[in-house]
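A.B. asks: Sequence:
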Amino acid sequence: MGDDQYRAAVAAFIRANGITRCPTACALPTQGTVADADRAALEDYAIARAQTRHRRLAGRERSLWAPLPSRE
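Every number in our numbering is 2 more than the matching position in the sequence shown, counting from 1.
Just so you know, these hints were derived from the structure itself, not from any lab.
Any given hint could turn out to be false.
What follows is a list of derived Cβ distance ranges for each label pair [as the list claims (entries may be wrong)]: (1) D46 to A13: 22 to 32 Å; (2) N19 to R51: 16 to 26 Å; (3) H56 to R17: 52 to 62 Å; (4) G61 to D40: 46 to 56 Å.
Quick reminder that beta carbons are idealized off the backbone N, C-alpha and C, glycines included.
Produce the complete structure using the sequences and hints provided.
C.D. replies: Structure representation (structure tokens):
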């Protein structure tokens, strides 16, 4: 694949998926320079994921320890 074909493929992918930033920089902490707004958005995302994970685990724990209905 030539350089022009590669650039065209990347441009088509970006147009089709609406990606405007480097996915790696937005998904995981990096050693690169990241804008403050992106850093804050990443931190908010990480907090939201942790809260969701905590709620999901708490729900599973409650369901495991819930009393079984009586068979009367």
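A.B. asks: Next, verify each hint and record whether it holds.
C.D. replies: Against the structure, the hints:
1. D46 to A13: 22 to 32 Å: holds (30 Å)
2. N19 to R51: 16 to 26 Å: holds (21 Å)
3. H56 to R17: 52 to 62 Å: violated (38 Å)
4. G61 to D40: 46 to 56 Å: violated (32 Å)
The structure shown violates the earlier hints numbered 3, 4.
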